[in-house]
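**Q** If you want the building blocks of each chain, they are given just below.
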Amino acid sequence: MLDIIAYSILNGVLYGMLLFMMSSGLTLIFGMMGVLNFAHASFYMLGAYFAYTVGLATGFWIALFLAPILVGVLGAGVERYGLRRVHQFGHVPELLFTFGLAYVIEELVALFWGTVPVPYRMPDILDFTVFTMAGLDYSAFKVFILGVSIFMFAGLWILLKKTRAGLIIQGSLSRPDMVSALGHNVPMVFTLVFAFGCALAGLGGVVGGIQFVTDPGMAFMMGPIVFVVVVLGGLGSVPGALIASLLIGILQTFFLSINFSLAGSIGTLGIESGGFFGTLWHMEATRLAPVLPYLLLVLTLIVRPRGILGKREA
Amino acid sequence: MTRNKKTGIFTGTVLGLAVAISPFTYADNHPIRIAYIEPLSGPFANVGDAGLKHFRFAAEKINEDGGIMGRDVEIVAMDNKQSPSESVQLVQRAVDDGIPFVTQGNGSNVAGAMVEAVDRNNRRNSDNKVLYLNYAAVDPALTNERCSFYHFRFDASSAIKLEALTNYMKTKDDAIDDIFLINMDYSHGQFISKRMKELVGEKNLDAEIVGDVLHPIGQVRDFAPYVSRIQQSGADTVISGNWGNDLSLLVRAIDSAGVDVNIYTYYGGGLGTPAAVGPSGEDKLYQISEWHADVNVDEGHTEYEKWFQEFKSRYPEIDWYYHRIYNQMHMLKNAVEKAGSTDSDAVAKALEGMTFQSQTGQITMRAKDHQILQPMYISIMDTDAKYDADNSGVGFRTIAKIPVEQATDETSCNMKRP
Chain A
1 MLDIIAYSIL NGVLYGMLLF MMSSGLTLIF GMMGVLNFAH ASFYMLGAYF AYTVGLATGF
61 WIALFLAPIL VGVLGAGVER YGLRRVHQFG HVPELLFTFG LAYVIEELVA LFWGTVPVPY
121 RMPDILDFTV FTMAGLDYSA FKVFILGVSI FMFAGLWILL KKTRAGLIIQ GSLSRPDMVS
181 ALGHNVPMVF TLVFAFGCAL AGLGGVVGGI QFVTDPGMAF MMGPIVFVVV VLGGLGSVPG
241 ALIASLLIGI LQTFFLSINF SLAGSIGTLG IESGGFFGTL WHMEATRLAP VLPYLLLVLT
301 LIVRPRGILG KREA
Chain B
1 MTRNKKTGIF TGTVLGLAVA ISPFTYADNH PIRIAYIEPL SGPFANVGDA GLKHFRFAAE
61 KINEDGGIMG RDVEIVAMDN KQSPSESVQL VQRAVDDGIP FVTQGNGSNV AGAMVEAVDR
121 NNRRNSDNKV LYLNYAAVDP ALTNERCSFY HFRFDASSAI KLEALTNYMK TKDDAIDDIF
181 LINMDYSHGQ FISKRMKELV GEKNLDAEIV GDVLHPIGQV RDFAPYVSRI QQSGADTVIS
241 GNWGNDLSLL VRAIDSAGVD VNIYTYYGGG LGTPAAVGPS GEDKLYQISE WHADVNVDEG
301 HTEYEKWFQE FKSRYPEIDW YYHRIYNQMH MLKNAVEKAG STDSDAVAKA LEGMTFQSQT
361 GQITMRAKDH QILQPMYISI MDTDAKYDAD NSGVGFRTIA KIPVEQATDE TSCNMKRP
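Taken in order, these protein sequences are the chains called A and B. Everything in the first sequence is counted per my numbering, starting at 1 for the first residue and increasing by one. Everything in the second sequence is counted per my numbering, starting at 1 for the first residue and increasing by one.
Be aware that one or more of the hints could be misleading.
Stated by the list, open to error - Derived pair list, reagent style DMTMM-like, types lysine to aspartate or glutamate, alpha-carbon separation capped at 25 Å:
(1) B:K81 / B:D119
(2) B:K284 / A:D127
(3) B:K312 / A:E107
(4) B:K53 / B:D79
(5) B:K386 / B:E282
(6) B:K172 / B:D119
(7) B:K197 / B:E208
(8) B:K333 / B:D72
(9) B:K306 / B:D65
(10) B:K312 / B:E64
(11) B:K349 / B:E116
(12) B:K333 / B:D119
(13) B:K53 / A:D137
(14) B:K284 / B:D384
(15) B:K401 / B:D206
(16) B:K172 / B:E198
(17) B:K416 / B:E352
(18) B:K284 / B:E352
(19) B:K172 / B:E299
(20) B:K81 / A:E107
(21) B:K284 / A:D137
(22) B:K81 / A:E106
(23) B:K197 / A:E284
(24) B:K172 / B:D298
(25) B:K194 / A:E106
(26) B:K53 / A:E106
(27) B:K53 / B:D97
(28) B:K194 / B:D236
(29) B:K284 / A:D124
(30) B:K306 / B:E317
Hints were generated in silico from the structure; no laboratory data involved.
Excised from the complex, chain A in its bound form (with noise of 0.2 Å):
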């Protein structure tokens, strides 16, 4: 029982560490210029197919750095040209902007690389199982994931908490006037944050294509859990957005593991599956495990409204 316990943690912190690539420029983007960016699991996509595409040429590891760069300029020009714009006219149509973009690049993708799904898959150096736990593989790629995202954890870190790139981000982030007063280039540091965002995003989809499928429905499916951790964790904040992902991550992957229900464990206390209370007393751990995470976004926003770590309200 006890591995079956480790080996189900593990599988939630590789799944918490792939949402907090997504989410952690989510964050940045969403407490910095408030806008909820619907666009930035596209981003996530998109890493995913560039990877692929690049990948074809030159290798893993070579597309491996390549793939976020080219979203993240991607990310800038986007920003620059698009949501700049479209930012004079208040946070609704920025919203719409974004709406409609996630839209415009899934059609893009779905005309340049097909429907069906790519065949993108992990380097064969990769493509080996590192230990097995309760007759269960760990394969090295999940190993490759989580030192990937601890790396990016670190170097998100450091750069905004020892750097001085870093001090003027976070100084953006809730006085973004004052900032200006003291004559740096606000929106060039927006533009800067907002494809630095999409990057990290790109490297998520980079190692997530892989381990999920590379299509271009993979955005849709991404798109409302990285807002829950954002909300969660709260705006604008990296550790909030690392402590939410790994809870969703762990909590998710405990519900569908264990079968556990109420009344299976209390026992019945004579209460009938049937009406309202009796269907929850009965209702087996699995079916929650999809509603948690919403769950936690509604009691996050009745609760403790600016999350986790975050500074500012939601």
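Starting from the known structure of chain A, fit chain B onto it as the hints suggest.
**A** Quick look at chain B alone, frame taken from chain A:
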């Protein structure tokens, strides 16, 4: 002068195009039209688009051979956005346009709504009836309690697939002892979960259901937790009616965790799964289907192999997958010719009990419930297959051919006939 010449060319082109697309071109030909009602936009657009290409190709081939009674067949594409209510409206539009046949297959919920719409129209609008040809919706209810005189199913129903599968399992009992059911949480998956449990008892299978999970459709990204449950249950066989990404992710998660199970599926050979699964499904992923590409090679259907290759060269990104569309179009042709018209009642009567010599053997449209009875194939994913599916590098190899008498079921249908 040049300017006039250019204008002339331009006018000529526009006129030519206008003539080409205007209905007058066909005026003396009266094509027989079939309304194809499927999602052509949105998340399932790829599936709808692939089906449309199949139908257009089959229609073109029939037209090359002289059409139906000298008339061309024309497929009219209509986008239902995978919505039952849109589909009902489109049935109405087809009727208004005087189209005598509608065809659809994706989503049993859509199919259910369409059966009702077709029935309602035919009851009220007896001058303008329409026939519904179902090429893929597998909900058994459509040929049992909800059966209709105006509905014909050319795919094996879910009940028949399970029947064939369990008959096959009986012959190789030694390899199948512990079965884990994992399915999508809606009528399709719920049926498999329920019926499979009954069949184990009914057929006296020397096997046991050790797990039964329903998961939400299209929402699970990480199947690892499910795989850990499969492993804990000690199963050697997984049965799943999943399709699309829900199947691809499941197979990949099983492969990644190194769990040694055989996975029996309905849709392992299509809808994007071979490309997404790739070699990780080799010797592991089974499908039960009415046909697969290597059947042509194994059984020497050279004509049909040419058909397959021609389709491939026309649409390199997909493969000829729906053998049932071949059957459906040819049986419709025979029925219309037998009836001598496209009148719905006459064509329906001609189709009832009709037999057709398909490549896979003789197939019959059962008169009682309008369910096709045909041989089925159990095949396994194989990188050495002659034809790979959707350019994935993996194809399928036949493990067993289930004769038609082993791939049939009882029906409770008691339809009203005109």
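**Q** Within a Cα-Cα threshold of 25 Å, do K333 (chain B) and D72 (chain B) meet the stated pairing?
**A** Holds, because 11 Å separates the two Cα atoms, which is no more than 25 Å.
**Q** Assess, step by step, whether the Cα of K284 (chain B) is no farther than 25 Å from the Cα of D137 (chain A), and give holds or violated.
**A** 17 Å, holds
**Q** Between K306 (chain B) and D65 (chain B), does the CA-CA distance stay at or below 25 Å?
**A** 15 Å, holds
**Q** Within a Cα-Cα threshold of 25 Å, do K416 (chain B) and E352 (chain B) meet the stated pairing?
**A** It holds: about 14 Å lies between the C-alpha atoms, which stays within 25 Å.
**Q** Are the Cα positions of K172 (chain B) and D119 (chain B) separated by 25 Å at most?
**A** Given that 25 Å is the threshold and the Cα spacing comes to 44 Å, the pair is violated.
**Q** Given the proposed pairing of K386 (chain B) with E282 (chain B), does the C-alpha separation stay at or below 25 Å?
**A** 14 Å, holds
**Q** Going straight from one Cα to the other, do K81 (chain B) and E106 (chain A) come out at no more than 25 Å?
**A** With a Cα-Cα distance of about 16 Å, the restraint between K81 (chain B) and E106 (chain A) holds, given a limit of 25 Å.
**Q** Straight-line Cα separation of K172 (chain B) and D298 (chain B) no greater than 25 Å?
**A** 22 Å, holds
**Q** Hint check: K81 (chain B) vs D119 (chain B), CA-CA at most 25 Å. Holds or violated?
**A** This hinted pair holds, its Cα atoms lying about 22 Å apart.
**Q** Are the Cα positions of K312 (chain B) and E64 (chain B) separated by 25 Å at most?
**A** 18 Å, holds
**Q** Can the restraint linking K81 (chain B) and E107 (chain A) be considered satisfied, given a maximum Cα separation of 25 Å?
**A** 15 Å, holds
**Q** For a C-alpha distance cap of 25 Å, please report whether K197 (chain B) and E208 (chain B) respect it.
**A** OK: K197 (chain B) and E208 (chain B) at ~9 Å, within 25 Å.
Hints 6, 13, 18, 25, counting from the list given before, are not met by this structure.
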